[in-house]
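Protein chains: 2
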Amino acid sequence: MNWLMFSGMSGVLGLIFVGFATVYVLRQSTGNARMVEISQAIHDGAMAYLSRQYKVLTLFIIVVGIILGLFISSYSSLAFLVGAILSLLSGFIGMKIGVSANARTAEAVSNNLNHGLRVAFFSGSVMGVTVVSLGVIGVTGIYFILTSKLDMFTAIQIIPAFSFGASSVALFARVGGGIFTKSADVGADLVGKVEAGIPEDDPRNPAVIADNVGDNVGDIAGMGADLYESYVGSIIAPITIGFAAFYMSSAESVKALGLNSMILPLVIAGIGILCSVFGTFFVRVSSDKAEQGVLLMALRRGVWIAAIGTALISLIAIKYIMGDWEIPWVSYILKEQGYVGIFYATLAGLIAGIIIGVATEYYTSQEYQPTRDIADASQTGAATTIIRGMAVGMQSTGIPIITVAIALLAAYYLARGNTGDARIDFLIGIYGISLAGIGMLSTLGITLATDAYGPVADNAGGIATQAQLPPEVRERTDALDSLGNTTAATGKGFAIGSAALTALGLTIAFIQAADFARAKAGLPPVETSLTLTNPLVLAGLFIGGMLPFLFCSFTLQAVGRAAYSMVNEVRRQWREIPGLMEGKTKPDYARCVDIATIGAQKEMIIPAMMAVIAPLLIGFLLGDAALVGLLTGAIVTGFLVAVMMANAGGAWDNAKKYIEGGAYGGKGSEAHKAGVVGDTVGDPFKDTSGPSLNILIKLMSIVALVFAALIVQNMLIH
Amino acid sequence: MNWLMFSGMSGVLGLIFVGFATVYVLRQSTGNARMVEISQAIHDGAMAYLSRQYKVLTLFIIVVGIILGLFISSYSSLAFLVGAILSLLSGFIGMKIGVSANARTAEAVSNNLNHGLRVAFFSGSVMGVTVVSLGVIGVTGIYFILTSKLDMFTAIQIIPAFSFGASSVALFARVGGGIFTKSADVGADLVGKVEAGIPEDDPRNPAVIADNVGDNVGDIAGMGADLYESYVGSIIAPITIGFAAFYMSSAESVKALGLNSMILPLVIAGIGILCSVFGTFFVRVSSDKAEQGVLLMALRRGVWIAAIGTALISLIAIKYIMGDWEIPWVSYILKEQGYVGIFYATLAGLIAGIIIGVATEYYTSQEYQPTRDIADASQTGAATTIIRGMAVGMQSTGIPIITVAIALLAAYYLARGNTGDARIDFLIGIYGISLAGIGMLSTLGITLATDAYGPVADNAGGIATQAQLPPEVRERTDALDSLGNTTAATGKGFAIGSAALTALGLTIAFIQAADFARAKAGLPPVETSLTLTNPLVLAGLFIGGMLPFLFCSFTLQAVGRAAYSMVNEVRRQWREIPGLMEGKTKPDYARCVDIATIGAQKEMIIPAMMAVIAPLLIGFLLGDAALVGLLTGAIVTGFLVAVMMANAGGAWDNAKKYIEGGAYGGKGSEAHKAGVVGDTVGDPFKDTSGPSLNILIKLMSIVALVFAALIVQNMLIH
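Note that the protein sequences, when read in sequence, are chains A and B.
Using my numbering, the letters of the first sequence correspond one by one to residues 1 to 718.
Using my numbering, the letters of the second sequence correspond one by one to residues 1001 to 1718.
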């Protein structure tokens, strides 16, 4: 119980830090009246969007809550609701601080770069640390309540409902936010930059506020909910697998570690929070030169300190929690004490996360060849820009997927038991895989901060332009923003990598849950049917593999349609509002925000339903083996397509920026026009469709896990 | 032995038909001197390409032949060489007739449409029937030789080497041809249509002959080799699975059908040849109006007659060959006699092929909504055209993949044995899946004819324009060509669907082969390790799933680079050759052909090596279970990405044609410019990267199968 206290207290300490950071941000000056006005418009737009989204969400949550209550148990409903509400809350807090920090960042950066960096970064930290703190507090709380009210077996079956709640909110936030932000962005660019030839963030563009709002609802609230879900899922997966591997083990020495194995994930998460908070204090620059390298180093310093701290302290914690295990298992290769294997498994995830981040940076930063190649291809027009970008996106799947494959194998073989009983050893190995997931996400508090700060800087730039601040202010915000693009790409690689590991962990947890339900029903374990020669598994793999493609198709079309309405609205305003293009009158910004909001709400229904219904449908019709096939297929292609789309999008964006920096004729050249086409195609790739896949694969696995017993009892084929 | 005679004779009869069809085509008039000259230039270009490609190929074949001889057996070398040579031969014959028929089609079409259709279609038939005849003769011959020289077990292990030979040639032909054709096409379009604003096939464009050559080397020779490989693979997979399921069965009544089960695939293929030839005689139109509907109906009539004939005769043959089986197995649901289940499994494949064809048509024809939506999106520029096209491509994966999944399940459950021994029943079900593959390809003779006729018509149009024939000739060739686009898209859907089933069959054959090798080595069967919870399988799935992305990245970049050289060469010629743009002097066509040839040769090496090395590397390093994971992952994503790219490309192409037909401002409008960008992006999608994936997945499975024993004996992990 002491260890549970520790993780809960880490969460509380995290929230205290959030309080201080919030006060720090809010005490900054908001700048002149014009800046306040713009910031207020963005704030109002964001809140208008949220309130409408929350209405849809509330309905959805109530319906699902009732279904859970009827078919599973009222505790399931409760866990689901708490998960959903905490996820909503972390999105809300993050966005609230984000929209409060934009004008303040613009003002701070006019003093000096370090000041701007700190304001933007601390507002990002509010988001990052809120997510992890509420995550750990929530899971710890639910674990505590359920295990004290119910028997352990029932409690463990119900905990995933918490993750289901978080996933549902994440789905709406990510998909809806993604559609909003890109319909506004693409729409604004298409008529603004391409047709009318006015610069980005020009106040004459009626869609400009909607675009700024989009940064907040998509990149902050959406990303936050996405990672909240990953984080929670990555803690819950090892808890349920620890239950199956240790708590229910037939070997006494293994069983003795049952409770510890379930608490360990919470403890590692708690350590991660403390180290992340510690790391934030090291993010500062002394020079006032807006150099990419200096800024990047500042952020990296914080992340590295957090990562190394987490690794070291986790080693000690693991030794205390899992170390009194006397059987001479693992580490298999290194012949060290057992707990070392568990530690290495966690470390494998942490390292894999870093490698994926570096690879993403390589493929999307204008410092390296791939992005420059796209810029080079822009010279022969838009078509070659697109072809080249697709090629880069596809190629960029290589390193992340090989890294995840190796991490998976390493975690399994390093953690795998050596009791002599193949089944027990296997399950401990699987537990290792699930710990790799939490290893990757342990420092999420600070990595998410480096990510969420980007949109704040982006917004600050928008405000600087619209409020006509001196050009050096925009230069500095651009430097912050450009760095934000890199950290955003890194963050996305990280989000999808962790989503794959988490979804995999949840799928394995589903298999264990299905096996418990099968044992009750007198059926043989599903595990024996999960071979690749089983036609049901193959059919599941095929259909599951297809779902991310279908899902992306829906979200891409959604952005297309919503952007199309936006284009028409902007054209209408320019046509009908006199004096707009001359800057004499103000456009109707709110109407554009409205259009994006309505578009996002309408368009997210089908993909959202798909994610919930597909696993249930296949589970009931073709059975649990086909369902595992479905989940695995979706994880594999979801990972691949997400990485491809995110990196292609990031690379197109930066290739355009590279040209704007003066290459191949610079702004206004033919190459630049082609670059803009690439960037526009990349927008929904990297900010709507790609990242939404994270949620798809996690949500489908969590739906399977929550409904595992019901599926096994009612499936047509087994 | 009678049945073997039958299949061999069907092949010979097919070749006799090919002889007559060739004579028919060659007896047509070649038109005026200018037409002969152009046709000759295309012919020379194609031969120059082939001779260079064959040099690379010969080297590759000799090296692999020696490796096979050293590590497996000299019979393996032999089978490999025969497979490779027959594949080369069918590509060569198809292309030779293709380049001979183009001017003749142009001339015939100036008489009347029916005449043109018949010349183009009969030249396509030469290709189609040659492929199937040489396929059946080759496999029958190798089967006969090996089974009479060696014991059955050894013979069956060696037969796949024939397929390996065919695959190797197919890889070079498809990838090399795809790179050639699209670098020429994209290059010609980028400088011609987009930059200089001259029409397609304008003789002032130095890349025009290279473009015409490309139609032949990519769409005829490449497609032919691709389908030769699928066809051969789809026959060999059920032979090897029949061996494991029946010949090696422990149940006497099942074992008694051993030889029959292995001969059945050859017999079905033979029936398909005869029916295909029969069907070709029904392809004719009476009216002279170039209506799409009438032409399409003419082609469909032939295909349908062949399909129905094949189905009916196969039912009779299956009753004779598999019918004297007295145990009351299958058809499981229908409670009919055993052979009916086998028949239904075959039929499932045939029907699945038709459904995939229809779905492909829906997504790529300008008659339907998806393509029109892309045209609609062109109004807001190139970016929305691309986004919409990607969405259509992704969405179009739905029906084909669900169809394949259902066909897979249907074939398995309908064919599955009912002996009471789960293992025997399972293997018979798997045999059913492999028969679905051959069912889909049984009428390849005529479906490939409808496909290969397209490039001939396309070339005829090119010649008509370059030789300045009257406009109604070009109109008629355009009608033939436009139909060709639809049949080409259908053919591609068909090619990838059959590739997926074939590769799946070969993968299952690999599992059986690995199990035989494991039994010899005293290891437990690999099948028990193939569960989705095995980290090795998961790692294999991830890496395998990634390979198609990496492969596409290479081929896309290859086209980009080669097209780039082409653009520069065309610009150089326009700059340096005086009087070219005024039409006073002739460009240096041969130099452009050369550039495309060199580009294709250079660029195909890495992807080709990847396909051969990846399965061996994973097999030796991570073992056969990981290798099965790799193959399965590659099949799933390969199928998905191939369908997505082929259909997106087809839809972009036809969306552009739809605009050119007058929609949204027609030719020269902004929408048209955007449409051209979409079409250009789609070119390598649909003609290089997408179709090459067929080969990738088949070749990897066949490599695994050929080296199965070697891998099992030498793998590091098991």
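Honestly, the hints are just simulated from the structure, not real lab data.
Hints are not guaranteed to be accurate.
[Said to hold, decoys possible] So the derived list for chain B, only partly shown, Cβ under 10 angstroms to chain A, looks like this: (1) 1259; (2) 1260; (3) 1401; (4) 1412; (5) 1523; (6) 1527; (7) 1537; (8) 1541; (9) 1545; (10) 1550; (11) 1552; (12) 1567; (13) 1632; (14) 1636.
[To be verified] Which stretches of chain B does chain A cover? Using the computed rule of at least three CB atoms under 8 angstroms from a CB of chain A, they are: (15) 1054 to 1062; (16) 1219 to 1228.
These figures come from a predicted structure and were not determined experimentally.
Even glycine gets a Cβ: it sits at the ideal position worked out from N, Cα and C.
Outcome of the hint check:
1. Checking residue 1259 of chain B against chain A: minimum C-beta separation of about 24 angstroms lies over 10 angstroms; hint violated.
2. Here the hint on residue 1260 of chain B is broken, as its CB sits about 23 angstroms from the closest CB of chain A, past 10 angstroms.
3. Taking 10 angstroms as the C-beta cut-off, the interface hint given for residue 1401 of chain B holds, the closest approach to chain A being about 4 angstroms.
4. Look at residue 1412 of chain B: its Cβ gets to within about 4 angstroms of chain A, closer than 10 angstroms, so that hint holds up.
5. Interface hint at residue 1523 of chain B: violated, since its Cβ lies 15 angstroms from the closest Cβ of chain A, which is beyond the 10 angstroms cut-off.
6. The beta carbon of residue 1527 of chain B is positioned within 10 angstroms of a beta carbon in chain A (closest approach about 6 angstroms), and the interface hint is therefore held.
7. Here the hint on residue 1537 of chain B is kept, as its CB sits about 7 angstroms from the closest CB of chain A, short of 10 angstroms.
8. Residue-level restraint check for residue 1541 of chain B holds (minimum Cβ-Cβ distance to chain A is 5 angstroms; threshold 10 angstroms).
9. The closest approach between the C-beta of residue 1545 of chain B and any C-beta of chain A is roughly 4 angstroms, which is under the 10 angstroms cut-off, so the hint is satisfied.
10. Hint on residue 1550 of chain B holds. Least Cβ distance to chain A is approximately 5 angstroms, under the 10 angstroms limit.
11. The closest approach between the C-beta of residue 1552 of chain B and any C-beta of chain A is roughly 5 angstroms, which is under the 10 angstroms cut-off, so the hint is satisfied.
12. At about 6 angstroms, the closest approach between the beta carbon of residue 1567 of chain B and any beta carbon in chain A falls short of 10 angstroms, and the interface hint on this residue holds.
13. The closest approach between the C-beta of residue 1632 of chain B and any C-beta of chain A is roughly 5 angstroms, which is under the 10 angstroms cut-off, so the hint is satisfied.
14. Interface hint status for residue 1636 of chain B: upheld, as the beta-carbon distance to the closest one in chain A is roughly 4 angstroms, under 10 angstroms.
15. Against chain A, the stretch 1054 to 1062 of chain B contributes 0 residues with a C-beta closer than 8 angstroms to a partner C-beta. That does not satisfy the three-residue criterion, and the hint is violated.
16. Requiring three or more residues with a Cβ within less than 8 angstroms of a Cβ of chain A, the coverage given for the stretch 1219 to 1228 of chain B is violated, as only 0 such residues are present.
In this structure, the hints that do not hold are numbers 1, 2, 5, 15 and 16, in rising order.
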